[in-house]
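Engineer: These protein sequence lines are chains A and B, in that order. In terms of this note's numbering, the first sequence is numbered consecutively and its last residue is 311. In terms of this note's numbering, the second sequence is numbered consecutively and its last residue is 311.
Simulated from the structure, these hints should not be mistaken for laboratory data. Source: prediction; values computed, not measured. Not one of these hints is a red herring.
In silico lysine-lysine, DSS-like type, Cα no more than 30 Å apart, as pairs:
no., chain 1, residue 1, chain 2, residue 2
1, B, LYS57, B, LYS23
2, A, LYS219, A, LYS247
3, B, LYS98, A, LYS124
4, B, LYS101, B, LYS89
5, A, LYS30, B, LYS23
6, A, LYS98, B, LYS219
7, A, LYS288, A, LYS267
8, A, LYS296, A, LYS148
9, B, LYS298, B, LYS272
10, B, LYS89, A, LYS124
11, B, LYS9, A, LYS289
12, A, LYS247, B, LYS23
13, B, LYS89, A, LYS89
14, B, LYS89, A, LYS305
15, A, LYS9, B, LYS289
16, B, LYS57, B, LYS174
17, B, LYS89, A, LYS303
18, A, LYS9, B, LYS148
19, A, LYS283, B, LYS23
20, A, LYS77, B, LYS140
21, A, LYS101, A, LYS89
22, A, LYS180, A, LYS124
23, B, LYS32, A, LYS77
24, A, LYS9, B, LYS288
25, B, LYS23, A, LYS219
26, B, LYS231, B, LYS289
Covered stretches of chain B (chain A as the covering partner; in silico rule of three or more C-beta atoms under 8 Å from a C-beta of chain A):
no., segment
27, 26 to 32
28, 112 to 118
29, 123 to 130
Ideal Cβ positions, reconstructed from N, Cα and C, are used throughout, including at glycine.
Protein chains: 2
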Amino acid sequence: MNEFDYIEKFFRPLTNQYANNLKNDAAVFKQKNSLDLIISTDTLAEGIHFFGNEDPKDIAKKSLRVNLSDMAAMGAKPVFYNLSLSIPKEQANTFIPKFVKGLEEDQGIFDLSLIGGDLTSSLKYINITITIFGETVSNKSLPRDRSKIGDHLYVSGILGLSKIGLDNFNSDSKDFLVAKNKYLFPQPRIKLGMALVNVANSMIDVSDGLVQDATHLAKNSNLSIELNLCKIPTPKINILDQKTILKSALYGGDDYELLFSCNPSHKHLIEKISLDLNIRLTKVGVFKKYKEEFLKFKNNSSKPKNSYLHF
Amino acid sequence: MNEFDYIEKFFRPLTNQYANNLKNDAAVFKQKNSLDLIISTDTLAEGIHFFGNEDPKDIAKKSLRVNLSDMAAMGAKPVFYNLSLSIPKEQANTFIPKFVKGLEEDQGIFDLSLIGGDLTSSLKYINITITIFGETVSNKSLPRDRSKIGDHLYVSGILGLSKIGLDNFNSDSKDFLVAKNKYLFPQPRIKLGMALVNVANSMIDVSDGLVQDATHLAKNSNLSIELNLCKIPTPKINILDQKTILKSALYGGDDYELLFSCNPSHKHLIEKISLDLNIRLTKVGVFKKYKEEFLKFKNNSSKPKNSYLHF
Chain A
1 MNEFDYIEKF
11 FRPLTNQYAN
21 NLKNDAAVFK
31 QKNSLDLIIS
41 TDTLAEGIHF
51 FGNEDPKDIA
61 KKSLRVNLSD
71 MAAMGAKPVF
81 YNLSLSIPKE
91 QANTFIPKFV
101 KGLEEDQGIF
111 DLSLIGGDLT
121 SSLKYINITI
131 TIFGETVSNK
141 SLPRDRSKIG
151 DHLYVSGILG
161 LSKIGLDNFN
171 SDSKDFLVAK
181 NKYLFPQPRI
191 KLGMALVNVA
201 NSMIDVSDGL
211 VQDATHLAKN
221 SNLSIELNLC
231 KIPTPKINIL
241 DQKTILKSAL
251 YGGDDYELLF
261 SCNPSHKHLI
271 EKISLDLNIR
281 LTKVGVFKKY
291 KEEFLKFKNN
301 SSKPKNSYLH
311 F
Chain B
1 MNEFDYIEKF
11 FRPLTNQYAN
21 NLKNDAAVFK
31 QKNSLDLIIS
41 TDTLAEGIHF
51 FGNEDPKDIA
61 KKSLRVNLSD
71 MAAMGAKPVF
81 YNLSLSIPKE
91 QANTFIPKFV
101 KGLEEDQGIF
111 DLSLIGGDLT
121 SSLKYINITI
131 TIFGETVSNK
141 SLPRDRSKIG
151 DHLYVSGILG
161 LSKIGLDNFN
171 SDSKDFLVAK
181 NKYLFPQPRI
191 KLGMALVNVA
201 NSMIDVSDGL
211 VQDATHLAKN
221 SNLSIELNLC
231 KIPTPKINIL
241 DQKTILKSAL
251 YGGDDYELLF
261 SCNPSHKHLI
271 EKISLDLNIR
281 LTKVGVFKKY
291 KEEFLKFKNN
301 SSKPKNSYLH
311 F
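Input sequences plus hints: build the corresponding full structure.
Structural biologist: Dropping the structure here:
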């Protein structure tokens, strides 16, 4: 099979009307005055974002979900995506069918379709780039830079699980099953993101660790966050000590929970959203006037460290 | 420097208002009822699409231009793009500043800006994915599948130069200077593409060789193309025989000329566009009813072969 056969057989069935059966040089999207188009890109590189020996179906799901999480962080409803896959020649015929199966399953779960992309060979490693598109009512997407002094900082779900899953990926202990599952299959908080439009002031998804992403939120509004370490929602894993777990929550990546600021007056509304969606929402900090640091720990003199950096 | 520093220092100056200074999880684009958004993606993988030892500035330009050529093929005006760059850690600090310089120069030439993307490390090779966005008046983009029986097939410029440039990239002969330049710096035919809206029936850019791309055009309209080999516009290169040159024109890739079908009645209009834009437009074939083959050579019994295939 050559690339045109792969596209025809495997990728074309994943498309919607904008793709015109992948027959053109580009997709054609009809614009609508009342909506904003929200556009984001995330790449997964073999050996950096995934091992390479995972089931291709799982790699596909992770690729889509990290992108979906960016839509959640904007409060947007995801509608379609664009995929570029670079893969060594000799892997194509085993990888692509399984990879496409993963895309297909997640398209069903998250109600979205493929509109185009590129399929090329690569010398040695797999590289997957997805550009995802979502929509919001005009001017209603949630930015990172509109937090105000006195805002409360909330986070969804629990933090650190994914890093624990990654660190113990080859362990046979049942204690790590949930963590490994979270590492493999992030749960983009799309419904929550959409529910927080008109409620949150700023929002980001926690992909690089709580400390790093909270620092982004603070920095972008030129404020300081006081983070309450006693309140961080962490998992209970019997064979790990609390210090390891908290470290994973603060500096581990890949949680894909939502971190957002909102006016304290929205307390009851937040509780209602949490109940309606059955998602834990925890107040973990407060926004203060910027003074020397973007992030400090409440009643704790230790200094925040760096999370994973690519360079 | 970490990835946030690179983004802040090098990529942020390339952005427009939709990017909001790259401070959000996504770009926010205001939709307009009267326009279609045209979306396309092309990836360049090290060792496949480029050697790796070229000037990073040239790699940047090629990455943008192959994408711009897709906009040209749709008759669209390019407006912004999204970039994902995966690069080995140890190359980042030498590669990125030069790469960005190339983007900056071409942004000026082609009047477009960056709206977002991703910057990650990779284990060994560079991978560049650009998603480009253009606009046309609603329903006016040019597809690949609306050719009609009797349509004439035209191609812009001359064909084969880029392949000759690639094949002789390490030659010192001055005879290959123009060819090498064409290989490094494709000239996306944007103005031509826009001028052909309402004139051409179908259009494609010649990125995989004339034979392969003409076959796409024929196949997508379920017609057959009779290609006149005597009419193919080829370069004059003294130290190469005519057979080698014609082979490069038919099967070599990376020409990024436009190949389009139009009603024979538009002959004079085509001549006028050619004069106005100072771009050679040559009639190279005719569309006929499909019978056994999508592409055949006029008065020549030899069979078309395959161009480069990734898999």
